[in-house]
Amino acid sequence: MDNHFEMGLDELRQKLLTMASHAETAVNRAVQALVQRDADLAQRVKEDDRVIDQFEVEIDEFAIQLLTKAPLATNLRLVTVAMKISQDLERIGDEASKIAKRARDLSLEPPVKITLDLPRIANLALDMLKAALDAFVNRDSAAARAIIPRDKEVDSLNKQIHAALVQHMEENPDTIGRCLHWIVAAKSLERIADHATNVAEDVVYLCEAQDIRHTGAKSQGASAPGS
Amino acid sequence: MPDSPNQMPNAAPEPGFANSPALAVRNLSVFFGKNAAVKNVSLDIAARTVTAIIGPSGCGKSTFLRAINRMHELNPEARMEGEIKLFGDDIYSRAVESVTVRRRIGMVFQKSNPFPTMSIVENVTVGLRLNGMRDRKTLAARTEQSLRMAALWDEVKDRLHAPAVSLSGGQQQRLCIARALAVHPEVLLMDEPASALDPLATAKIEDLILDLKKNYTIVIVTHNMQQAARASDFTAFFYLGELVEFGPTTKIFTNPAQKRTEDYVTGRFG
Amino acid sequence: MTAPNHRWRKFKNGFMQTLTFVCAILVVVPLVLVFYHLVREGFTSINWAFFTQLQKPVGEPGGGMANAIAGTFILLAQAAAYGVPIGVLGGVFLSEYGGTKLNWWIRFAADILNGVPSITWGIVVWALMVVPMHGFSALAGGVVLGMMMIPLVMRTTEEVLQLVPAGYREAALALGIAKWKTIVQIVIRTALKGIVTGVLLALARVAGETAPLLFTALGNQNWTHKLTEPIAAMPLQIFAYAISPYDDWHRQAWAGALVLLLFVLCINISVRFLTRDRFQPKI
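Residue numbers (the numbering used here), protein chains in the order written: chain L, 163 to 389; chain Y, 986 to 1255; chain A, 5 to 287.
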């Protein structure tokens, strides 16, 4: 005899992971469009964002349905966490869209003569997201906690890029328009890392039933108050 | 009807009736003396779906359920008006005996009631034997098929001749389900089938209902709304004998159209 | 906490407990007395001859009650044959069919009949059968005992059937089983032990009836060969011996009484055996 509720939870997990892979692909393609000045790819990313948005609606509806069946304990946390993660993934999709828009705008103008380590910040953010999703699949709370301090590195890298671009703008005022696009793109990647951090915090909640958001305990294995 | 243990009976109607709902209820009213327990209820129940009937005590849900297989006639003061059609057949027409209706529409009760003088296998086959079936091979095949459908076969296959009352409460209720399924009904009615069971046994019954849905149309009365949400596709909300709202279960429990439904579901009354 | 009040309450409790205990014991005393006397007076007269021989003429010692014992069995067999089907089916009607008003009247009639003195039964059957047939008969004896059994069996059957939970009837009907089959195969089968108990108890009751047999079976010193002849029965024989002037017959009367009591005791023991809880269902 099947456990029908378990089957429902599996379906929820599957939907979430499918949505995640769409989001990852979107970020990858957006960065690629940016670096390779590919306007067509940028357009595709913007159009595919609808799919990600649709997933969020679907997952939320499905989660509400599961909630009417009164899940408890881990099942309850899974359903609520799924709704949160889907929201973060949708925002990641939106950020990828923003990057794609800037990529398209930049591709229409001559390139700026500055070396920026955007691929590096993109890889950092994507690695964090992948690690968070792996932690979700494997229910690995320690791995999730380990992701959270990595956000600092992304933040500082973004500051570096920002500073470099500001300096370039001061020295070459005719590049201000284009540099602003780059600043926004870098900021989007930094936001993607933030969303990956949120996903990691949600995974910790799922596994440990501890809410580590906003506690400042952004270190491994710290015990939050009220445990 | 296929009788090998691993083949499920086909409860879908003949092609000519493919468009008939499993149960078409029109203007059904049930009176006990002067008192109307069910007032002018109309709804359609589609084949191979699970419909839950919810509502506060005394709202007429059990009376409605029992009118479907004419069990309300056991009360000499009961009287009904209106029409119920089973896959297009009028079950209250003069030409139809209640016995025939009850062979097509089975029922499982709140308190499990396996016959105490009979063994497990005798209980499962009682509906067949007392209606004239003698062939031992068919009886044995139906026994295994029904017990498998009721998710009880593995637990009792080595002691089919043990007394039925030697089973636990949850097992007894599944035995009653097997007994009802053995006569190959088209519709299965369940009157609060899990309310006398512990949570683990209840969960098994709910999963069983979702499995049975593949082959049977099921109508279940329940006072547990989460159970209705878990186990049913459609829900009907009854109040004071009237059908207040009928719709997909998700809608009834997330966004009911009627205020009275919302009040009941959120626990403001009843 | 007032001490005198407490002592008074304690005394009352103890007093009631002792009083009820004594009363319960007192119920058993007559049974003990009966047994004691019967065994003391009658035990010595019980021998093989008692069960196999007919009574000897006056003056000759020995002999037995063989024909009376056989006669009692024949009468009880008839009583069962006439009384059980009618009583049980009547009980089935009261429990499973019928409008409430009619049932009330039938029950009322049965309860009255249960209270009718046994000698009245005897006179009625005498008028109905013995007179038209121009003679006492085993048949009349069987009929009167059967008629006495009917209201008793009917009421106990009805009560036992009512004890069968309605859930079983509903479950059977919901399977599409016809009403009569439900009653026979499900309800009666479930209540069977209770019905048999009621029948056995009714038999035990009529086994000792003497007065009605005086007017119907009459008694017989020899073997009876046809149902239309008078027949001996143990209560009749005991009565006849007891009022006789012969010591030997007195002793035989005691023996007969003892055997009769043992017979009734056996029936009651078998009832206990039948109704024992053989099986404990799992909760």
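To be clear, the hints were calculated from the coordinates, so they are not data collected in a lab. Treat the numbers as computed from the prediction; the structure is a model and nothing was measured. Treat the hints with caution; some may be incorrect.
Taking lysine-lysine pairs in the PhoX-like style, the calculated list, with each CA pair at most 25 angstroms apart, reads [stated by the list, open to error]: (1) Y/Lys1096 to A/Lys197; (2) Y/Lys1096 to A/Lys185; (3) L/Lys246 to L/Lys275; (4) L/Lys231 to Y/Lys1244; (5) Y/Lys1019 to A/Lys105; (6) A/Lys183 to A/Lys105; (7) A/Lys197 to A/Lys183; (8) L/Lys246 to L/Lys177; (9) Y/Lys1096 to Y/Lys1142; (10) A/Lys14 to Y/Lys1070; (11) Y/Lys1236 to L/Lys177; (12) A/Lys185 to Y/Lys1122; (13) Y/Lys1236 to L/Lys231.
Check: Hint numbers the structure violates, sorted upward?
Finding: 3 and 10
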